[in-house]
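Chains as they are written, first to last, in our numbering: chain X, 316 to 429; chain D, 316 to 429.
Please keep in mind that the hints were generated in silico from the structure rather than gathered at the bench.
All clues given are correct.
Because identical chains cannot be distinguished in the list, a pair is counted as satisfied if it fits within a single copy or across any two copies.
Computed list of lysine to any residue pairs in SDA-like fashion (alpha-carbon distance at most 20 angstroms, straight line):
| no. | residue 1 | residue 2 |
| --- | --- | --- |
| 1 | K328 | W352 |
| 2 | K328 | L360 |
| 3 | K328 | Y394 |
| 4 | K328 | R372 |
| 5 | K411 | D382 |
| 6 | K328 | G399 |
| 7 | K328 | R359 |
| 8 | K328 | E425 |
2 protein chains.
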Amino acid sequence: MSAALEAVLGEVKFNADGLVPAIVQEDETGEVLMMAWMNEESLRLTVERRRTVFYSRSRRELWAKGDTSGDIQDVRSLYYDCDGDTLLVRVVQHGKGACHTGNRTCFFREIELG
Amino acid sequence: MSAALEAVLGEVKFNADGLVPAIVQEDETGEVLMMAWMNEESLRLTVERRRTVFYSRSRRELWAKGDTSGDIQDVRSLYYDCDGDTLLVRVVQHGKGACHTGNRTCFFREIELG
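Just chain X, same shape as in the assembly (with noise of 0.2 angstroms):
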């Protein structure tokens, strides 16, 4: 089942800051990346642009993921789950990773476990 976004977007639950988490998963092999948000001109630029575009809540502002970086990603497809409040987003992640510490996915510290 595939809806247009002008269909989709009073499902999409914006949180009080206008806001819905966004996970984002390498299409290729499966690994999470990153989680960020977007609010609804970020989904729509996404969407249109078929490259990711967040909403950055310490700047203010929207955010291309990978202007200045480089490590642009490039959306295959993108899903919106059963509470409508989360959105998934499967890239190709291109550059170095998503990282900004370098590492290719922002998960890479451990909790052991009990």
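Starting from the known structure of chain X, fit chain D onto it as the hints suggest.
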């Protein structure tokens, strides 16, 4: 790199509501199953039991995943991201799936790209 929870807790940034988002991924297939929220207590219980425990924002209580549905999630590994504000939990999903709709993943609806 793997560190005990006590050493990590100071690096985990719970939001103003005391919560952190937790992405749940199937360990074997890499499929992203769901996203839910944890507070410190549910994170501790998840690590101790090696089974996911979340915090339900709607019910305002701990929520041991699968307690009523049988769709429990055994934790294989647990990660926190570069900013310390998102968790990634790799699990073995039992029962019919992660989603209350009966779907295996909560991300079963696709948005058409432009």
